[in-house]
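Given chain H, work out where chain U should sit, using these hints.
Number of protein chains: 2
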Amino acid sequence: MPVPYTAPLADMRFVLSRLLGIADMETADAVLEEAAKIAGEVFAPLNEIGDRQGVKFENGKITMPPGFRDAYQAFVAGGWNGLPVAEEHGGQGLPWLLAIAVQEMMQAANIGLALCGLLNQGAIELLSVHGDDRLKQKFLPKLVEGAWAGTMNLTEPQAGSDVGAVKSKAVKEGDHYRITGQKIFISYGDHDLTENILHLVLARLPAAAEGTRGLSLFLVPKILVNDDGSLGKANDVRAVSIEHKLGQHVSPTCVMTYGDNGGAEGYLVGQEGGGIAAMFTMMNNARISVGVQGLALMERAYQQARDFAKTRVQSRPIENPKAAPVTIIHHPDVRRMLLSMKAHNEAARALAYTCALAVDEAKQENSAAALRVDLLTPIVKGWLTDLANEMTSTGVQIFGGMGYIEETGAAQHMRDARILAIYEGTNGIQANDLVFRKLGRDNGAAFGVLIGEVENFVAATKQKNREALADAVGAAKDSAAWLLQNVKSNPALAAAAAAPFLRLCGNMLGGYYLLRMAELAQDDLAAGNGGADFLKGKIISADFFAAHVLPQNAALAETVKSGGGPVLAMSEAMF
Amino acid sequence: MPVPYTAPLADMRFVLSRLLGIADMETADAVLEEAAKIAGEVFAPLNEIGDRQGVKFENGKITMPPGFRDAYQAFVAGGWNGLPVAEEHGGQGLPWLLAIAVQEMMQAANIGLALCGLLNQGAIELLSVHGDDRLKQKFLPKLVEGAWAGTMNLTEPQAGSDVGAVKSKAVKEGDHYRITGQKIFISYGDHDLTENILHLVLARLPAAAEGTRGLSLFLVPKILVNDDGSLGKANDVRAVSIEHKLGQHVSPTCVMTYGDNGGAEGYLVGQEGGGIAAMFTMMNNARISVGVQGLALMERAYQQARDFAKTRVQSRPIENPKAAPVTIIHHPDVRRMLLSMKAHNEAARALAYTCALAVDEAKQENSAAALRVDLLTPIVKGWLTDLANEMTSTGVQIFGGMGYIEETGAAQHMRDARILAIYEGTNGIQANDLVFRKLGRDNGAAFGVLIGEVENFVAATKQKNREALADAVGAAKDSAAWLLQNVKSNPALAAAAAAPFLRLCGNMLGGYYLLRMAELAQDDLAAGNGGADFLKGKIISADFFAAHVLPQNAALAETVKSGGGPVLAMSEAMF
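Protein sequence lines correspond, in order, to chains H and U. Position in the first sequence (first residue = 1) + 1049 = the working numbering. Position in the second sequence (first residue = 1) + 1049 = the working numbering.
With the rest of the complex left out, here is chain H:
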């Protein structure tokens, strides 16, 4: 039975309008309401069949389940694929902030399908920034429209997280290159949603340097495109097999072979040797998007658990054992779990949208915003996807025995979520990125600006939870200072402390945004703006977070400072 999804428009609106102070809420409302329709009415009803039936690979051809092609076409017809793309490239030219909010809905409704659009966005970004005019003219319009899809081809069997170990080869031949090699874990490497697929492939030219510096990026179409834009013959690339995964069954994860018959025709994107730089253009936004996938599944799991908890009658209330059995939302431990999901969702959304707004600001040559994006990106990716694992599991727990039955749908969110902490750079890699690059490279300057912002809020607010936030900020400063002393002199020790530090930063930021939203909700409540239950719920989310989450930061700071020692002392033979 399909699980319904209703986009949390009131919550989204509260973040955009009140927390971020977006002036043009008319455009935002119009976009979000339309997106909510396609997410709730077109994408969401297919989520369960996508999981159950999955994608089929037969005779070298990949087939999506019934309904998916139509749903994708509806997405494309609505102009959603090119939402944040500049109008000069055929897009809608809307802010990233709105694109991220739309992404939340699509991913929540049907993460397996929505991943296709997410990959398209990355390919568009790469091609529009790094492609030459000829490439852009030939490929960009169809890609922006969504008539053709895009993929990212980085991983190889020997090169998972270590992109520098890529071995695929490219050899120049006239105005193009011949690509040969094998890639694994290629999401949407093949499918029948679009008439063509543009693969963006990392490969190595003859005599190129070792490591990442020797990598170049190539556009390799599934079907070659004639000069008049019509489709020509098939290129020398094919999906060899698909993976049998824990979740996201409808997203085809392919092993790709390039050059079975002499080499696939490919076109250089950017400079020779510039592959990794080009990839990084795209990677940061993709990491934010994966964080948003985490938020999306947390929200979906929350909605389902909440609806179940409000309708499932079971046992008498603990405070009155003679009363009739009640819906399980009345049992304090169930309510605790549900409130944990709600508060974490709200914190996650506030963080992700704040980061997306900074992306828009950074595009306006705002260097402070660019630094903020850099700093927040690993936290958005790492914290939100760790939370997605935890909160989708909490959703299963609320369902009790029914949560273990696949037909209920609660377990699907947990299975779908489990890859998020792994792909687009594992969360261990995010934590290292945070500690060594984002914190370490400017000796904590950008981090200090962020801390200053939170401290200013703490100093100014009259919130009852400000002490809890002050302690959490203190813990963050304390551990950042310790890390800065060690990143250069003892990088292994700092790396062993990176994951707890990322968690601590996420908790602090989550608390900061929830307290700010509680303050705004208090104002709105006093002014009579908005529904009282909704606003009180925001205040209680902050109270919950201050009592259940922020106290952990003191413990995490201790772990950052003293936890690396035992990790490094443990030799391989002792395991």
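Because the hints were derived from the structure by calculation, they are not lab data.
Heads up, the list lumps identical chains together, so a pair's fine if it works in one copy or across two of them.
No farther apart than 27 angstroms at their CA atoms in a straight line, the calculated lysine-lysine pairs in the BS3-like style are these:
#1 K1086 to K1359
#2 K1412 to K1187
#3 K1585 to K1610
#4 K1359 to K1216
#5 K1086 to K1191
#6 K1105 to K1282
#7 K1359 to K1585
#8 K1282 to K1187
#9 K1359 to K1371
#10 K1185 to K1412
#11 K1371 to K1216
#12 K1585 to K1511
#13 K1585 to K1513
#14 K1282 to K1110
Just so we're clear, the structure is a prediction, and the values are computed from it rather than from any experiment.
Chain U only, in chain H's frame:
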């Protein structure tokens, strides 16, 4: 490809011999070594096919995958089914402590299959304590041998955690009863491993009281047994369907119908109206066993992740970026995750085995031990199964992208584990049991004795981590005192704080046992007893736990004291 399992005999031995001071290690070693063989060589190789192929339900008949019947027969032939059963009932009469260690191995090797033996043990216990001589004579020998299997039939669609809502009916008819009703979530409700199945069924007599007091317990055989012990005709009971579950695919979870044709023949076990009391005899031990299932899957996931981390080469070491790529166990964050799995396993094993030893002592009329079992049981069940969810997920993370591919087998442990925090009383129910019954009923007396034991250790030890443990104990005392002030006056507030309190207790006990084992390892190291790497690894597990886990207790104590308020303030409409 089957994932190997090697029973951690050295770790088990260390707990039994050093931590618990078991004198007769000769018997223990002999039993554990034999069990390790059947677990590793017979059960473990079938784990993957059990997951992939699952159990089949066709034409009303349930078929286990190939090999499972033989594996079960090997288990039975070895006398494992009756290991802890008194010799007078045909068992081996060995201590529960050894039975629990054997359970750990069987559950780790193949949890879906081993569950059958676990259910048999519960049925044996019920029947041997509460059955009359006639029932025992007729049914117990075959059940103890394992030729017949046993099941527990509590749950009904309207009565999940609320056993008092059971509606199944029993009507007296001569020397037996006629049972009618429907039961759901019945593990091993039907299968082809044994020639008969004995269902233990909760049902309600006409005019019985409402709630749990009105429940009686009946033995309902699948096939009626003639007075000479031969099998007669089929009873009026059948499996109607099986569930499609997230994990444990090989354990058939059945919807059972009793009395399609007038009523199934059943025999009263214990007194009329004594059903729930009889069930509770069995429930406590079953809860310990479910905790051990958690330990088992943590250990299995750890072994697999460790072996992968020691062989998978990926990326250069962070402290020397010019060196060649290394196995991922050299990356500090991977090592941190692996050490977290190891330390938690060791803590979990120490707690479970300590509790099992207390079960044996309690059987010798030791009332202090009985109170200790009561107190530890919800912690063993709740803490170990929460950890199983977390640690099996950590195992997937260590595998990176490979962890998301089902063929790797890492995800299976996570899926198999996900029911443990739910069945045999959800962990929310365990937390309430801990707070209201185990802590509250004697106003904290039994808890105080446990705290005293830990405090005595802290006072006597010279361990460098004793301050961390002292703080963790202080947090436990503090929150227990707060709870005792509220259990009667504000039970809902105490219930909202129950889950963090259970976690805190688990952390404290885990730290206590790890520190004790570190001290013993230090002694052994000084005396030159045992492998140095093994012993140093024990010391480092304690160091890790003191730096990464024990600091959380101060935060959890804050949450216990201040976290219930927001939970109760959140009205249904605010969600």
